[in-house]
Amino acid sequence: MSIDSMFVHKMWDDNELSKMVDGGVPFPMLSDAGGKVGKIFGVFDETAGVEARGRFLIDPDGVIQGFEVLTPPVGRNVSETIRQIQAFQLIRETKGAEATPSGWKPGKKTLKPGPELVGNVWKEWNTSMAFD
Amino acid sequence: MAEEAEVGCARPTGGPVGEEQVETQEQQQVQPREERSMVMVGQKAPDFVAPGYQKGKFVNVKLSDYLGKWVVLCFYPGDFTFV
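Chains as they are written, first to last, in this note's numbering: chain C, 1 to 132; chain F, 1001 to 1083.
Hints in this document: simulated from the structure, not taken from any laboratory. Here a beta-carbon is modelled for each residue, glycine too, at the ideal position from N, C-alpha and C. Some clues are possibly wrong.
Distance condition first, Cα-Cα at most 20 Å in a straight line; then the derived PhoX-like pairs of lysine-lysine [as the list claims (entries may be wrong)]:
1. K36(C) <-> K1062(F)
2. K1069(F) <-> K1044(F)
3. K1069(F) <-> K39(C)
4. K36(C) <-> K1044(F)
5. K95(C) <-> K108(C)
Residues from chain F that face chain C, not an exhaustive set, calculated with beta carbons under 10 Å [claimed, not checked]:
6. M1001
7. A1005
8. R1011
9. Y1053
10. F1058
11. Y1076
12. D1079
13. F1080
14. T1081
Based on the sequences and whatever the hints tell you, model everything.
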C-alpha cells in the first residue's frame, strides 16, 4: 500500500515488477491517497506526505501480532517476515503451550513455559542457538 | 530554470515557497495539536477499505474480508522507489 493511485500501481507492475516476478505481483497493490490508512497505522509521514516502509502481521482473528517500520533506503527481509509468521502459527497451534526462543526457526527447539522452566532456560537454550 | 535533482529512495515532495505562516495563538487554540497514534501489537488491526490493482484488474479490498487468514500488510514510500 502506498499513496500512489491504482493506475500508477498498474504501470509499475506492467513496466518493472513483472520483469522481476513471473506474471507480475500476485497480491493486491493498494492505494492510500491522502494517507488515511497509513495515518491510523502510524506510518504516514505528514511532512513528506508519504508512508514509511511499514510491515504488519495480522493473524486470522484480525489481531496485529507484529510490525516493523523502516525509513525509505533500507529494504525488508522477507525471510524474516516468513519466519515470524511460522513462529506465530506455531504459538497459535499449541495455544501458547510452546514459545519460540531467540533465533528459532522451524525445526529448532521451542521452550515450554511453566514453573519448571523458571530460572532453567540455560539448561534448554544457549546463546549459540540465537544464530543461524 | 529547473535544477537536476538527486534521486534517492525517499519519494521527493515539494511545498509552497516563501515564509512559513506563523500560527496565531487563536488558531492554535482552535486546532488542538493532532496526537500521533500508533497501533499496538496484541490489538485488533483497524479495518479499512482501499482501491487497488491486482493481476490486470482494479479491485476494492477490505481488510476484514481476510479474517481467517494471515495477512502481511506492507506500506512503502512510493511506486518506483528503488528498494
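Tested hints:
no., hint, verdict
1, K36(C) <-> K1062(F), "holds, 14 Å"
2, K1069(F) <-> K1044(F), "holds, 14 Å"
3, K1069(F) <-> K39(C), "violated, 24 Å"
4, K36(C) <-> K1044(F), "holds, 17 Å"
5, K95(C) <-> K108(C), "holds, 18 Å"
6, M1001, "violated, 25 Å"
7, A1005, "violated, 15 Å"
8, R1011, "holds, 5 Å"
9, Y1053, "holds, 4 Å"
10, F1058, "holds, 5 Å"
11, Y1076, "holds, 5 Å"
12, D1079, "holds, 4 Å"
13, F1080, "holds, 6 Å"
14, T1081, "holds, 6 Å"
Violated hints, listed in ascending order, are 3, 6, 7; each of the other numbered hints is respected by the structure.
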